[in-house]
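There are 2 protein chains.
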Amino acid sequence: MGASIVKRKVLAAIIAVTAAGAAIAAEMKPEYLVKVRQSGYTFMAWNMGKIKAQTVENTAPFNKDEVAAAANAIAAIANSGMGALYAPGTEKATGWHETKALPELFTDKEGVKKVAMAFNKEANELAKVAAGGDAAAIKAQYGKVGEACKGCHDKFKAKEEKK
Amino acid sequence: MGASIVKRKVLAAIIAVTAAGAAIAAEMKPEYLVKVRQSGYTFMAWNMGKIKAQTVENTAPFNKDEVAAAANAIAAIANSGMGALYAPGTEKATGWHETKALPELFTDKEGVKKVAMAFNKEANELAKVAAGGDAAAIKAQYGKVGEACKGCHDKFKAKEEKK
Numbered sequence: 019m020g021a022s023i024v025k026r027k028v029l030a031a032i033i034a035v036t037a038a039g040a041a042i043a044a045e046m047k048p049e050y051l052v053k054v055r056q057s058g059y060t061f062m063a064w065n066m067g068k069i070k071a072q073t074v075e076n077t078a079p080f081n082k083d084e085v086a087a088a089a090n091a092i093a094a095i096a097n098s099g100m101g102a103l104y105a106p107g108t109e110k111a112t113g114w115h116e117t118k119a120l121p122e123l124f125t126d127k128e129g130v131k132k133v134a135m136a137f138n139k140e141a142n143e144l145a146k147v148a149a150g151g152d153a154a155a156i157k158a159q160y161g162k163v164g165e166a167c168k169g170c171h172d173k174f175k176a177k178e179e180k181k
Numbered sequence: 019m020g021a022s023i024v025k026r027k028v029l030a031a032i033i034a035v036t037a038a039g040a041a042i043a044a045e046m047k048p049e050y051l052v053k054v055r056q057s058g059y060t061f062m063a064w065n066m067g068k069i070k071a072q073t074v075e076n077t078a079p080f081n082k083d084e085v086a087a088a089a090n091a092i093a094a095i096a097n098s099g100m101g102a103l104y105a106p107g108t109e110k111a112t113g114w115h116e117t118k119a120l121p122e123l124f125t126d127k128e129g130v131k132k133v134a135m136a137f138n139k140e141a142n143e144l145a146k147v148a149a150g151g152d153a154a155a156i157k158a159q160y161g162k163v164g165e166a167c168k169g170c171h172d173k174f175k176a177k178e179e180k181k
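Residue numbers (the working numbering), protein chains in the order written: chain A, 19 to 181; chain B, 19 to 181.
Incorrect hints may have been included.
Identical chains share a label here; the pair holds if one copy fits it or two copies do between them.
The calculated lysine-lysine pairs, modelled on BS3-like cross-linking and capped at a C-alpha distance of 30 Å, are [said to hold, decoys possible]: (1) K47 / K168; (2) K162 / K132; (3) K82 / K47; (4) K139 / K162; (5) K110 / K127; (6) K157 / K173.
FYI, nobody ran anything at the bench for these hints, they're computed from the structure.
Every value quoted in this text rests on a predicted model; they were computed, and no experiment measured them.
I would like the entire structure built from these sequences, with the hints used as guidance.
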């Protein structure tokens, strides 16, 4: 084939590689990763709120399907590998808002592992209990998930946004 | 009991009712609901990206547990009753950013039901297929979920944020 075709093919290959690189870079951008992790927690909190209203505060009628679906969403989000969203570069990045993650979250690997595993264990247990449809049991397990959330927040989350 | 104790009890009751009302109001605030729905889509998109990278673009090695967890998160979020996040008042509200929902999303109930049911069906099927661990089958079903996303976006989502 002619030199111009070769040049065109090489150029096409370079563009393809560059485009792929750009796509990967966008997915790895700290701002994006922080947005995603904030989204995960926001969505879990909404579902926690529904379970709380229906089993703890009784401000909404207990609907076992709704509660089971909410518990499943929390567990599935917890199980989806959110650790990747704390990649290097995300320590001080702004997602939807400034990160509230404290510096220790990126250095105390053992401590983080402990609270993360505790949360995942309780969240998965909540999904299991919620499938059973017993409001009192769900309320009790909801409390354990809340404690697991707090266990991480107390150690690794700032009370206010960092300025 | 004395008049001052009665007054104190009445006051406490009023504060309790007002606090509960404020809590419910906060949960129903359009800005909050829009934040939550934007969070749900952002988190699903991250998981779609992981499945795409591992089964369609092959820019990351295929890891069946990771893909299954990603598919589970998408399905569980889809199943969690996101319709409630489109309550009256959320038509033009700003969450993390201005909503891209078009006016038709709040009026064309039949059309919305159709695309929502199609998306949920394909998302649940993706979770089922992903559990099987066959990369080619996951890639095919990932395509169907993508089409279902697009089916809604084409009809009900603005290309740009509304000004």
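To see whether the hints hold, each was checked on the structure:
Both within a single protomer and between protomers do K47 and K168 lie at most 30 Å apart by alpha-carbon distance, with minima of 28 Å and 25 Å respectively. When the C-alpha separation of K162 and K132 is checked against a cutoff of 30 Å, the pair qualifies only within one copy, where the shortest distance is 15 Å, while the shortest distance between copies is 38 Å. Taking the closest pair of Cα atoms, K82 and K47 come within 30 Å of each other only across two copies (24 Å); inside a single copy the shortest separation is 39 Å, beyond that limit. For the homomeric pair K139 and K162, the shortest alpha-carbon distance inside one copy (10 Å) is at most 30 Å, but the shortest distance between copies (32 Å) is not.
Taking the shortest Cα distances, K110 and K127 sit within 30 Å of each other inside one copy (17 Å), while across copies they are farther apart (42 Å). For the homomeric pair K157 and K173, the shortest alpha-carbon distance inside one copy (25 Å) is at most 30 Å, but the shortest distance between copies (40 Å) is not.
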